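**Student:** Below, each chain spelled out in residue letters.
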Amino acid sequence: MATNKKKLSLKDKYQYLTRDMAWEPSYQSKKDIFPQEDFEGIKITDWDKWEDPFRLTMDAYWKYQAEKEKKLYAIFDAFAQNNGHQNISDARYVNALKLFLTGVSPLEYGAFQGYSRVGRQFSGAGARTACQMQAIDELRHVQTQIHAMSHYNKHFNGLHDFAHMHDRIWFLSVPKSFFDDARSAGPFEFLTAISFSFEYVLTNLLFVPFMSGAAYNGDMATVTFGFSAQSDEARHMTLGLEVIKFMLEQHEDNVPIIQHWIDKWFWRGYRLLSLVSMMMDYMLPNKVMSWKDAWEVYYEQNGGALFKDLERYGIRPPKYQDEANKGKEHISHQLWATFYQYCQATNFHTWIPSEEEMNWLSEQYPDTFDQYYRPRFEHWQALQEKGERFYNNTLPQLCQVCQVPALFTEPDDPTKLSHRSLEHEGERYHFCSDGCCDIFKYEPDKYIQAWLPVHQIYQGNCEGADVETVVTKYYHIDAGRDNFEYLGSPDHKRWQAIKGQKPDESQAAKPKNAA
Amino acid sequence: MSVKAISDYITQPKDTVANFNGMQVVYVYWVKHLMYCSPFAFLVSPDMTLAGFFAEVLRPAIKDHPDSTRVNFMEAQWLLNGQAFSPTPEVALLAQGIDHKSMLTLTTPGLSGINGCAS
Ligand SMILES: [Fe+2]
Ligand SMILES: [Fe+2]
Ligand SMILES: [Zn+2]
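If you read the protein sequences in the order shown, they are chains S and F. Note that this note's numbering has the first sequence beginning at 1, numbered continuously upward. Note that this note's numbering has the second sequence beginning at 1, numbered continuously upward.
Here chain S stands alone, though its shape is the one from the complex (with noise of 0.2 Å):
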């Protein structure tokens, strides 16, 4: 017998499901439908020329994503089940678990926010769709990862109210104002910004240090987050190269402004990720490889094959990117040095690393670790060995665009810090390097409104003057319990007693000099 009710095709069910679901305006104009296309000057002469990153349908999708979700919930409820916290290599690695709840976690929101604003605005329909699931992907990874990590929140310090200290605490400035600079600017930029510079070509450097680093160090739950997530940004990735793509074969004259996004984007990551470079040399108990190693394989290796790719279009690498080749053997040191003196401030611990991750770290980085960074630390272990914990009580400078402490040296010189400065419109800007300041002296009026964490408190607006009010009142953050030195610390105390060791009072956490 006929039917015809054939099946269809996946591609034609894709076909049929978005791109015939847009149509051609008649009582409205397309300028007014989506005023946001032109703005930032990027030329579209063909929005049918756009790829589908993929080919993939509301119904499918929803299907899809529910089958991981099953899972997902399933190993989770085990892990809390099984008390899961007290498989872990050591409580030093909550610490790292600590750090993605409250400056990565909540990027997963602005990206879902972002994305579905963007997803709004393009006039192609292609484009509106995969922006579209992509939100909604985002919306799932915030979810997941806050419900992977909840367990921990049961057991140790820290986790309560990360959504509260993404806003206000000082160093997650510097993930919230990354991702409010790229949400506040164009449609076009946005998608350079995160799905271009972020997810393509920075996005390994975020994902394989936290997720290999969860399983390395026996935290089930987040690696299966990490299972679970991966199928969505390996699309998130597809889209991320389409879209460059399609914005350069468009028309020349997007070149110069695509180029001059990815510059600014690929420095405003990279200082982003210096957080993540700390991360992996200092906060794993069992390490995964250098933040070095990382750079050269997923920054210089892959994406140096990429840029190569893209030279074609007349688009060639990153402005700034022999300084971040330059800064792998330096920034995690220099950031794990700074988190360790203001760890009063801080929601998660720091400490000193143990005598065989120093000598890790002189392997891996053998041209400075011993040379630059080693006697710093060997200084303060001496220090908290006669209970003289150091911390910094006075604030630091921090950058006018990264808001990271000016921290960072010359790229040729490791002993001199590459502070620069200028003054605009009778009013002095300071900048942790060339990076930085290029990206001020580009758009200043977006820069001259930034809340910097320092300056806020200086003006009174932190619920008070002194570091103890500020961390408990403004920032939420339990003094005594959630901050200072993790020897010593309720985590640690904790851990003992979950491991069956004894206390070892002789580095206790609270200092003399403590603020």
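It should be emphasised that the hints constitute simulated quantities derived from the structure, not laboratory data. Being a predicted model, the structure only gives us computed values, none of them experimental. Some hints here could point you the wrong way.
Lysine-lysine pairs mimicking DSS-like chemistry, simulated, CA-CA at most 27 Å apart [unchecked claim]:
(1) K14(F) x K328(S)
(2) K446(S) x K14(F)
(3) K63(F) x K446(S)
(4) K14(F) x K473(S)
(5) K31(S) x K287(S)
(6) K4(F) x K416(S)
(7) K319(S) x K416(S)
(8) K31(S) x K245(S)
(9) K14(F) x K386(S)
(10) K4(F) x K386(S)
Fit chain F with the ligands to the supplied structure of chain S, relying on the hints for placement.
**Tutor:** Chain F with the ligands in isolation, oriented as in the chain S frame:
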């Protein structure tokens, strides 16, 4: 270049001196002493004398560094916002040009940090 925006883009700098309740911010970078990870940011009165600033603000901030006892601020080399600067101890900060968000760079010849490694 100005911001490309969908409408007029009017902004105010967030950190003008007027927002600091009569005080101002002064930064100090002690060269080759990176144990202090970045320049210090101090909230001070513009009327404070430089001698007062040295004694009450800067001295306590660097006290934990093993080199600190050997620092003589008056004999050190100074830059103010990148320009050579000779400090006058009894004069107020603002009166000798150390205004809001100025940066003083302190170089202490002979002192090069923990184990001489600029830490
Ligand atoms: Fe995500
Ligand atoms: Fe993603
Ligand atoms: Zn910066």
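**Student:** Could you run down the list of hints and mark each one as holding or not?
**Tutor:** Here is how each hint holds up against the structure:
{"no.": "1", "hint": "K14(F) x K328(S)", "verdict": "violated (33 Å)"}
{"no.": "2", "hint": "K446(S) x K14(F)", "verdict": "holds (11 Å)"}
{"no.": "3", "hint": "K63(F) x K446(S)", "verdict": "violated (38 Å)"}
{"no.": "4", "hint": "K14(F) x K473(S)", "verdict": "holds (23 Å)"}
{"no.": "5", "hint": "K31(S) x K287(S)", "verdict": "violated (53 Å)"}
{"no.": "6", "hint": "K4(F) x K416(S)", "verdict": "violated (36 Å)"}
{"no.": "7", "hint": "K319(S) x K416(S)", "verdict": "holds (22 Å)"}
{"no.": "8", "hint": "K31(S) x K245(S)", "verdict": "holds (24 Å)"}
{"no.": "9", "hint": "K14(F) x K386(S)", "verdict": "violated (43 Å)"}
{"no.": "10", "hint": "K4(F) x K386(S)", "verdict": "violated (56 Å)"}
The structure is inconsistent with the numbered hints 1, 3, 5, 6, 9, 10, although it conforms to all the rest.
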